[in-house]
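J.: Sequence:
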Amino acid sequence: MTRKKRKIILILSILVFVIIASASILYSQGYTLDGSFRFSRGGGLYISAPLTNSDIFINGEKEKTTSMLSDGLFMSNLKVGEYSILVAKEDFWPWAKTLNIKEGIVTEVRAFMVPENPKGELLLNDNFSNIWISPDGKLIALQKESGYNSYLVFYSPGNSNFLTESSQFTKQLLSFRDSISNVVWEKNTLFFKSDKGIIKTVLDAQRLSASSSYVSEPPYESSDFEKISKKGDQKIWWDPNTSEIFVDWLEENSQPPYYMCPEKPCILPLQIFRSHLAIENVDFLPGRKDIIILSVGNGIYALEIDGRGDRLIYPIYKGKGPLFAVSQDKDVYIIDENSLFKISLEEVN
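In our numbering, the protein residues as written are 859 to 1207.
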């Protein structure tokens, strides 16, 4: 081999080395080769799937099965563009989204899995028309219809017993016409407004007794059409006239979470649902501030706040005209066709 050829080979080898080394450095810094054969900085994707033994698919390819020790999937150096995501598990509704991966940004998303056939049971059968639940979930207030009057009765699902009115005066205060409003439940005390005025009822879950009296005003003003998250940083409410649901962030010193404001600028409050049917109730799913439960029409549904790649909604219960109250242990108590049911959402994550 001539000296000239050796020199050419050496130069080519150096060029190849420089190209490979440069490409490796760029790749290690998050750059990838796009469809136009140009280097662009890639993005990342993190998928949280808290339910164990869930299969995670990216663009149709299975990437992982979650476990108790690892409930998520992280992928880096992804090319910028759209990615199809599917999280699936037997006996659960599949969770699917198409997300846009952006340059230099890790896109975070959290799946939620709803069983196709939630476990349910019938608790009571009577002329019930409305329902409220105590903050600790130990007591349920039920509006019961009897002739031209309505009555407020209290039920303990833990021991399957009703509370007894402590006096005839209490029994009179717990009866009313039409319905009650401005319900405030603080620990073991329930406040509400009826045609008789503002009533305060002290409840004893151990002795199974209820004692009512008049008060001049409740501890604070409440709305029948809004709910505040347990930490007090989020609010959801619905407009009964337009059947729209909105969500807002209440913390002034911190940024809204990604599922509420995935892009800047963030415009709040955010409309997350609208229906031609009347919305009867809305609440947060305990343990998930990004998921709400709503009753509309003949069903109860779980709806995610995150609207990227379509906002997903799944059925929990189908009946005639259900109303619900949810406890912190994810038991949903449902009034429908005069009866009280309980559905467990313990598996919803």
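No wet-lab data here; the hints were simulated from the structure.
C-beta atoms are modelled at their ideal positions from N, C-alpha and C, and glycine is treated no differently.
Please note that the accuracy of each hint is not assured.
Listed next, the in silico DMTMM-like pairs over lysine to aspartate or glutamate satisfying Cα-Cα at most 25 Å (straight line) [as the list claims (entries may be wrong)]: (1) K1089 - E1109; (2) K1176 - D984; (3) K1093 - D1168; (4) K937 - E961; (5) K1089 - D1053; (6) K1178 - E1084; (7) K1088 - D994; (8) K1176 - E948.
Computed beta-carbon distance windows for the label pairs [claimed, not checked]: (9) T956 - G1055: 53 to 61 Å; (10) E1121 - G1145: 25 to 33 Å; (11) K1122 - I1056: 42 to 50 Å; (12) N911 - S1025: 53 to 61 Å; (13) N1046 - E1121: 28 to 36 Å; (14) M926 - V1073: 46 to 54 Å; (15) P1123 - D1168: 42 to 50 Å; (16) R1132 - G1167: 15 to 23 Å; (17) S1067 - S1202: 36 to 44 Å; (18) D1062 - E979: 48 to 56 Å; (19) M926 - S1202: 41 to 49 Å; (20) E1195 - G1016: 23 to 31 Å; (21) G918 - E1121: 21 to 29 Å.
J.: Against this structure, judge whether each hint is valid.
T.: Against the structure, the hints come out as follows:
{"no.": "1", "hint": "K1089 - E1109", "in the structure": "holds, 10 Å"}
{"no.": "2", "hint": "K1176 - D984", "in the structure": "holds, 19 Å"}
{"no.": "3", "hint": "K1093 - D1168", "in the structure": "holds, 21 Å"}
{"no.": "4", "hint": "K937 - E961", "in the structure": "holds, 8 Å"}
{"no.": "5", "hint": "K1089 - D1053", "in the structure": "violated, 33 Å"}
{"no.": "6", "hint": "K1178 - E1084", "in the structure": "holds, 23 Å"}
{"no.": "7", "hint": "K1088 - D994", "in the structure": "holds, 12 Å"}
{"no.": "8", "hint": "K1176 - E948", "in the structure": "holds, 21 Å"}
{"no.": "9", "hint": "T956 - G1055: 53 to 61 Å", "in the structure": "holds, 55 Å"}
{"no.": "10", "hint": "E1121 - G1145: 25 to 33 Å", "in the structure": "holds, 26 Å"}
{"no.": "11", "hint": "K1122 - I1056: 42 to 50 Å", "in the structure": "holds, 45 Å"}
{"no.": "12", "hint": "N911 - S1025: 53 to 61 Å", "in the structure": "holds, 55 Å"}
{"no.": "13", "hint": "N1046 - E1121: 28 to 36 Å", "in the structure": "violated, 44 Å"}
{"no.": "14", "hint": "M926 - V1073: 46 to 54 Å", "in the structure": "holds, 49 Å"}
{"no.": "15", "hint": "P1123 - D1168: 42 to 50 Å", "in the structure": "violated, 22 Å"}
{"no.": "16", "hint": "R1132 - G1167: 15 to 23 Å", "in the structure": "holds, 19 Å"}
{"no.": "17", "hint": "S1067 - S1202: 36 to 44 Å", "in the structure": "violated, 29 Å"}
{"no.": "18", "hint": "D1062 - E979: 48 to 56 Å", "in the structure": "violated, 26 Å"}
{"no.": "19", "hint": "M926 - S1202: 41 to 49 Å", "in the structure": "violated, 20 Å"}
{"no.": "20", "hint": "E1195 - G1016: 23 to 31 Å", "in the structure": "holds, 24 Å"}
{"no.": "21", "hint": "G918 - E1121: 21 to 29 Å", "in the structure": "holds, 27 Å"}
Checked against the numbered hints given earlier, this structure breaks hints 5, 13, 15, 17, 18 and 19; the rest are met.
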